[in-house]
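When you get a sec, could you build the whole thing from the sequences and use the hints?
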Amino acid sequence: MSILINKNTKVLVLGITGKSGKLQTEIMKRYGTNIVAGVTPGKEGKEVEGVPVYDFVEEAVNKHDINAAISFVPPPYAKDSCIEVIENNITFLVLTTEQIPEHDVVEIMKYAENKGTRILGPGSAGLISPGKCKLGVHPPNMYKEGHIGVISKSGALSYEVGKTLTENGIGQSTVVAIGGGPYWGLTQLNIIKSFQEDDETKMIVLLGEIGGTMEEDAAKFIKEKVNKPVIALIVGKSAPKGKSLGHAGAIIEGNLGTAESKINALREAGVYIAKNHMDIVEQIRKIEGK
Amino acid sequence: MRLYEFQGKEIFKKYGIPVQSGFLIHKNDEVKNLTPPLVLKSQLLVGGRGKAGGIKIWDGNTDALRIINELFSLKIKGEKVRAILALEKVDILREIYLSITFNRSKSTPVLIIGTSGGMDIEESVRLNKEKIHFVEIDPFLEILEYQIRFVAKKLNIDNYLEFKNIIRAVYKIFKEYDATLVEINPLAITPGGFIAIDSKVNLDDQSYFRHEELFNKLREEKQFIQGKKYVHASKTKEDTITYVPLSGNIGVISDGAGTGLFTLDLINEYGGKVADFCEMGGITNSEVMLKSLKMVASNQSVKSILVVLIGGFNRMDDMAEGIIKFKKELKNDVPIFIRMCGTKEEIGKELMKKANIPVYDNLNVAVEKAVKKAMEN
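Sequence order for the protein chains is A and P. Each residue of the first sequence is one higher than the last, beginning at -12 in our numbering. Each residue of the second sequence is one higher than the last, beginning at -16 in our numbering.
Treat the hints with care, since some could be wrong.
Residues on chain P that point at chain A, a partial pick, calculated with CB under 8 Å [to be verified]:
#1 Leu164
#2 Asn185
#3 Gln189
#4 Thr225
#5 Val227
#6 Asp238
#7 Phe296
No wet-lab data here; the hints were simulated from the structure. Owing to the predicted nature of the structure, the values given are computational and were not obtained by experimental measurement. Note that CB positions come from ideal geometry on N, CA and C, so glycine has one too.
Set out below in structure tokens:
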């Protein structure tokens, strides 16, 4: 098994005719993801990489068996299209769109919560279960099948660590990027819980960064409920205080959100704190007894 | 976009929230026929102006112009005073803190009230938790009557109807202006009823597409106060660049915040010091790459540039195009170390090879080289 996606995932792509939507559909499809339909209003009847395009989500669900969606829709239309997905009972959505107005994000999240739809994002790079399915923008050559579950806020950092693991012969069960915040649907805690329950995942790598208290919440959960080894890398240790360095969520304000507080909480929960990406590799080898 | 007090109060007035009557004095305005007493408030975007002497009361016994000129000579937290809001003085019986913002970790709007308002709200929250109350708001149900009754009771409000109207108005502004914060601190109870003594309103720049005219007008007002020439905001999002100047000698450009932060840590590990940090955002193009290189290279203290690219959304062919353009356009001899991998990396690397610009695949190697070079120079 893997988490959230697998070989039976049947995907709808929102915003499939846009620049990113088109390219990423091509890459996902080549990887083997089962993309069954796409939606872009006004583009019905077209095809992208052999995938039929519809005007409405409802039309796509009526014609195809769909159990997951990924959205590349630009910010002004993001809320509308997310609600359409939720209304049509697709229960898992990867929302890659960044810069969605906060009022819209809050409404999307509330609506999803009410209807039981899980959203990965906003601003998520998606996830990949090597050899099974890729629902997102992770560069395929940086991953291989295996037993390490990786959870990251940042997309790019999850590529970086995936690349390092793969180059060192260590495969992954699923690699998930939840987005840089400050809003999140699925959290580190949600993903860690899934990894704990997943038979295929033997170890968990947590890639956190400064800002907020999500790592602290995850630490509490790990301490109480996780018996698989967890290795964490917290980035932003040398970042200046009070300045947002890209991710809206990655900001140290006062004593809140420092790398130190996260590292302490995780260490206290029995998590190994890696110095850098190479240290993750070494620690995995140590645990595996190689 | 953070609004000035007077801008927030204009909005309050429009939504029926009582404010003091008054007028704005610009620097170099000819001021005459003032009637005491007046409260003279520097218009600034930074907080803490009261403590820094940015608010004065003119009781008529001294020269008003002297006080005004004194205020105009102030610079608070780096911001010069260029406008003063002159307001009628009111008798205050009691002060309340009131705001609506987002609780981001719970993805919900939240109404925050405090039984005492004033300058040190953050401090009083820390010291006295029972003085402050949080009420979560469902964005679809909006603020409910019982929630208002609840806070009114906590605050011992006599005039419930007037209070309710103010809370409803604050929520309406929050929603209709796409605000991320609407704060009245303090909301004063006076013999004549409630008065919003101050305003703090932050608008969400990400919602520009649905408030173009309004946001342009507010921005124009702000730029007038700041003495800047008015620049119309572009229709599209300007760009996604985050630029943070630091004090070392290595320029860092990344195409993701997570790897950017990680690279800072790695440079630190290798004993290097970062001069500036430039994060392009995960979805970018060759123009942004070019602009970022120009920004970082223009920093005189930069001795080597480290470009860390790992593309998911971001395409390496686009990035290569931007880097090559930079090399051609600018005869800049600052050494550049590029790590390139990810989406369309074959094409990107091919382009770089043709242009005779070396790229690295391994991050450590690129970091080590950039640090070493910066130390040499």
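Results of checking the hints against the structure:
1. Leu164: Result: violated, 10 Å to nearest chain A Cβ.
2. Asn185: Since the shortest Cβ distance to chain A is 10 Å, the answer is violated.
3. Gln189: For glutamine 189/P, the interface hint holds, since the closest Cβ of chain A sits about 5 Å away, which is under 8 Å.
4. Thr225: 5 Å, holds
5. Val227: Holds, because the Cβ-Cβ distance from valine 227/P to chain A comes to roughly 5 Å (cut-off 8 Å).
6. Asp238: Holds: closest Cβ of chain A sits about 7 Å from aspartate 238/P, inside 8 Å.
7. Phe296: 5 Å, holds
In summary, the numbered hints that this structure violates are 1, 2.
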